[in-house]
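Q: Next come the chains, spelled out residue by residue.
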Amino acid sequence: MAGSTSPAARPAPPVLRLDGIAKTFGGARALKGVSFEVAPGEVHGLLGKNGSGKSTLVKILAGFHAPDPGGVMEFNGEAVTLPLKPGDFRRLGMSFVHQNLGLVPSLTVLENLRLSDLTAGRRGFINWSAERRAAREALARFDVAFDPDQRIDRLSAVDRALLAIVRAFEEIRVAREASGKPGLVLLDEPTPFLPREGVEKLFTLMRSIASHGSSVVFISHDIDEVMTITDRATVLRDGDVAGSLVTPEATHEQVVEMIVGRKLARTVPLRTAKVVERKPRMRLEGAASAKLKPSSVTIGEGEIVGLTGLIGSGYEELPYLAFGARPTTGGTLSLEGGAAMALASLNPRKAIELGLALLPGDRQGASGVDTLPIVDNMFLPDIERFFSRGFLNHRRMKREAWQLGETFEVRPNDPLLKLSALSGGNAQKVLVARWMNRKPRLLLLDEPTQGVDVGTRQQIFTALRAAAAQGMSVLCASSDAEQLADICDRVLVFARGAICEELVGAQISKDSIAEACYASLERASPANGTQP
Amino acid sequence: MTDITQAPAPAGGVRVNYARLFERVALIAVWFLLIAGFGAAMPNSFLNWGNFAILFASYAPAALLALAIIVPLTAGDYDLSVGATLTLSSCIIGVLNVWAGLPILLVIALALGAGVIVGLVNAFFIIYVRIPSLVVTLGTTSLMTGIVQWMTNSSTIGGIDNGLVMAVVGGRFLGVPYAFYYAIVAAILMSYVFDFTPLGRRLLFVGRGREVARLNGIAVDRVRVGALVTSGVLAAAAGVLYAGVLGSADPYSGLNFLLPAFAAAFLGATTILPGRFNPWGAVVAVYFLATGITGLTMLGIPLWVTNVFNGGALILAVTISQLTRGREASDIG
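Quick mapping for you: the protein sequence lines, in order, are chains A and B. Using the numbering used here, the letters of the first sequence correspond one by one to residues -9 to 522. Using the numbering used here, the letters of the second sequence correspond one by one to residues 2 to 334.
Simulated from the structure, these hints should not be mistaken for laboratory data. Keep in mind it's a predicted model, so treat the numbers as computed, not measured. For every residue, glycine included, the Cβ atom is placed at its ideal position computed from N, Cα and C. Do not rely on the hints blindly, as some may be mistaken.
Said to hold, decoys possible - Selected chain A positions facing chain B (in silico; Cβ < 10 Å): (1) Gln354; (2) Asn367; (3) Leu382; (4) His384; (5) Ser413; (6) Gly415.
What the hints assert, rightly or not - Chain B is nowhere near these chain A residues, computed Cβ spacing over 10 Å in every case: (7) Lys22; (8) Gln440; (9) Gly441.
Let the sequences and hints guide you as you build the complete structure.
A: The structure is reproduced here in structure tokens:
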């Protein structure tokens, strides 16, 4: 059932060969010398958990990062000088489809398909009828029939992904035709938000590309998908190649073990550990959205509950739904065992009045305003507190902001600086301080330490733990298993839009979380499966 | 102006950022240089308090219009319709007071009411229908201009109630007609709201980060509606002032205020509180531009130079402001 072409031994050199590619960030070694090959006409899987080095590798190939000296890269048997310059990859015959697909929603299929050509300005005028014909041909070649004049935002998610892949393949046509050699398309997590039937279409397209003699690298969290479509797969773990597999011969368990790095404990669900008795603080009943099936969670007083899962599993929705910050399709919330209120009737203002607080994952877009002073960012939700006798007391605001800055070790601690003057970690401390200072009953977090240095991360965790000890409850969505293991009393693992595993107390560790993410995927997959 | 601008943090030593200090007062300094320059060229006619008194009074409607603009600009919306609102308001006064003979106080109330309606109409299309503010207010500008022409038969209406004229230019304080002080009172009120009330902070956050504001419990839509209604009312008040200054209602000249008022709003955002639309900056900018235009006119320089001065001053000031801030991204616009 795997790839339709046979990766039979040929005299042709591998399309891509990497040897000893390493990358060090500061002191941290993100890649420790990765070597692998992609054969012509092969669909090659690239697997690994968060932080295994997959994205670093992709960024090196795309020319975003310069690898450490000493690595070797060959494309179709010819040595390539590293580091690559941004954009060099296309000239070689390599192109990328990233998760966001890089399509412009308000433009047409035709315009998107020819985007790089049309904007390159190599020609004086655009012959639209010829362009349209070329676009139709390109689409027909892969059996995907869209109207070239259709706008992207009218296409389904699946069709968008198909278009992005066709475009990626078209982008390297010039290079392929010039050299007469195969090209390489790298798909970086294109599937997590697609319905199952859509994924099948994507696979057909990938096989079609491979049958043209070019190669596809398919990066995904989804082991089932990788096993279905790829001929071979390489697994990265902690910056090293953990192994490589001929996928049709491998079992699901072998792949998971290779990703996680140890044997899976294939026992009954891990729900046996004794839970500390806590008074319930908040109960979410059937909370649902477009990305999340009805899910129910109870959080106890002073409890820190982690939410995690693979990309697209919907775990990051809950904090926003509980705060009334995203459109919901149903569900209720009740506090301290009180009456249930519909999530649809909730909005951020009401949530704040109820004693909830939300620190969104998008620090610059949703959490703080970079161009305004620290003091104003800190006291945004409780500015009224400083308004007395008709005037805002700027002096008191500044003094309290400074004190709060000291408590949370904001450096430099000058409340009048703009938020943008601080490093990412310090800016996050300001925003954490904003909410913690209000002593919320429940703090909702989404990726609270993304882009935050290790020291700051520890400070934030210490503050969270201290507040939880005083009774504050925390709901923390994160893709970082290590950080969840550090702070959580309980971790809920999501797959395909539903809670499917609960880790409690001593069961929680970095490895057990990562393992649950992958194991749960299998359990949550539909009964019919994708393999015949 | 606010103590936010003074005093270092309790922990830090006294640090004066001279570049920033210079930036704050640069426009005022250039204004005085301009006055000195024209003064040297025309010591008798230009450097004359009477001349300045007239300048202050006759540009009061423009100052009020610039103040009107910065309210929705701070909240992140453009209101291009303020010029047409000014005209509409002054023509409502002309038509209802002179032609229909209604009492002036009632007519003023109706004119301000029209400003409220304009603001609500703009807000409906911008916030409820989600059309970009630039498009909506461009449309309502044209709409109102047409209504004004219909209302007035495209003619200037003279003979507005003397009570209004007296209230606006009849009396003087320190030699300057009252009109100027109405604009000053508006600037005082506005700087109070901007700097000393929670509402001012909310307005600022709504303009700089809608999603941030929303997730911090601010009723973003309500703030934006409020800002647009405020600009409508202030623009209508500018129209009342304009009718008082002229003693008549002119269906055409109001739109001429629009671009200088926008120029002043942005120019004003480079001074006093650089990087923010601020009332005193806007007022200073209006009178800076007015001084330049008056001086050039008195020198007998042809009319086209006025426009060149308006536009040139705006671009130059914003450029200098941007350069002194180095690579820092612009906070506004």
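Q: Next, verify each hint and record whether it holds.
A: Comparing the hints with the structure gives:
At about 8 Å, the closest approach between the beta carbon of A/Gln354 and any beta carbon in chain B falls short of 10 Å, and the interface hint on this residue holds. Because the smallest distance between the Cβ of A/Asn367 and any Cβ of chain B comes to about 8 Å, under 10 Å, the interface hint for this residue holds. Restraint check, A/Leu382 versus chain B: the minimum CB separation of about 5 Å is within 10 Å; hint holds. A hinted interface residue such as A/His384 counts as satisfied when its beta carbon comes closer than 10 Å to some beta carbon of chain B; here the least separation is about 5 Å, so the hint holds.
A hinted interface residue such as A/Ser413 counts as satisfied when its beta carbon comes closer than 10 Å to some beta carbon of chain B; here the least separation is about 16 Å, so the hint is violated. Because the smallest distance between the Cβ of A/Gly415 and any Cβ of chain B comes to about 19 Å, over 10 Å, the interface hint for this residue is violated. The non-interface label for A/Lys22 is consistent with chain B: the shortest C-beta to C-beta separation is roughly 36 Å, beyond 10 Å. At roughly 17 Å from the closest C-beta of chain B, the C-beta of A/Gln440 stays outside 10 Å, upholding its exclusion from the interface.
At roughly 17 Å from the closest C-beta of chain B, the C-beta of A/Gly441 stays outside 10 Å, upholding its exclusion from the interface.
Hints 5, 6, counting from the list given before, are not met by this structure.
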